[in-house]
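J.: Sequence:
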Amino acid sequence: MLEHDKEQAVLEKIHADISRIYAEQRKLNAEAHKITRENFWYPMGVAMAVVATIASITGMAIKFFL
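Position one of the sequence shown corresponds to residue 1 (full-length UniProt numbering), numbered consecutively onward.
Hint data in this document are derived by calculation from the structure and do not stem from the laboratory.
Mixed in with the good hints, there may be bad ones.
In silico SDA-like cross-links for lysine to any residue, where the CA-CA straight-line distance does not exceed 20 angstroms [stated by the list, open to error]:
1. K27 <-> E38
2. K13 <-> E24
3. K13 <-> A23
4. K63 <-> G45
5. K63 <-> A47
6. K34 <-> G45
7. K6 <-> I18
8. K34 <-> E24
9. K34 <-> V46
10. K27 <-> A16
11. K27 <-> L11
12. K6 <-> D17
13. K13 <-> E3
14. K6 <-> A16
15. K27 <-> H15
16. K34 <-> A23
17. K34 <-> Y22
18. K27 <-> N39
19. K13 <-> Q25
20. K13 <-> L2
21. K63 <-> V51
22. K13 <-> M1
23. K34 <-> I18
24. K27 <-> D17
Label pairs and their in silico Cβ distance ranges [said to hold, decoys possible]:
25. S19 <-> M48: 28 to 36 angstroms
26. L66 <-> P43: 30 to 38 angstroms
27. K6 <-> E38: 43 to 51 angstroms
28. R37 <-> Q8: 41 to 49 angstroms
29. H33 <-> A55: 53 to 61 angstroms
In this text the structure is predicted, and so the values were computed from the model without any measurement.
Cβ atoms here follow ideal geometry from the backbone N, Cα and C, with glycine treated the same way.
Please construct the entire structure, taking both the sequences and the accompanying hints into account.
T.: Next comes the structure, spelled out in structure tokens:
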């Protein structure tokens, strides 16, 4: 009976470790997803700002010169 309790305790510890590792994996996956989104949207934001600036300058130039 005592040996069975020890085995049960070892199994519970293993299950707790597996749960902890899964939680860490989910956290790391969420962080990787966040970085992936940032790597996409930051250059898009810069590109949109450049396009908006060029459009504004072109619009002002048209008003002044025409």
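J.: Going through the earlier hints one by one, which of them does the structure break, listed in rising order?
T.: When the structure is compared with the hints, numbers 4, 5, 11, 23, 25, 29 turn out to be violated.
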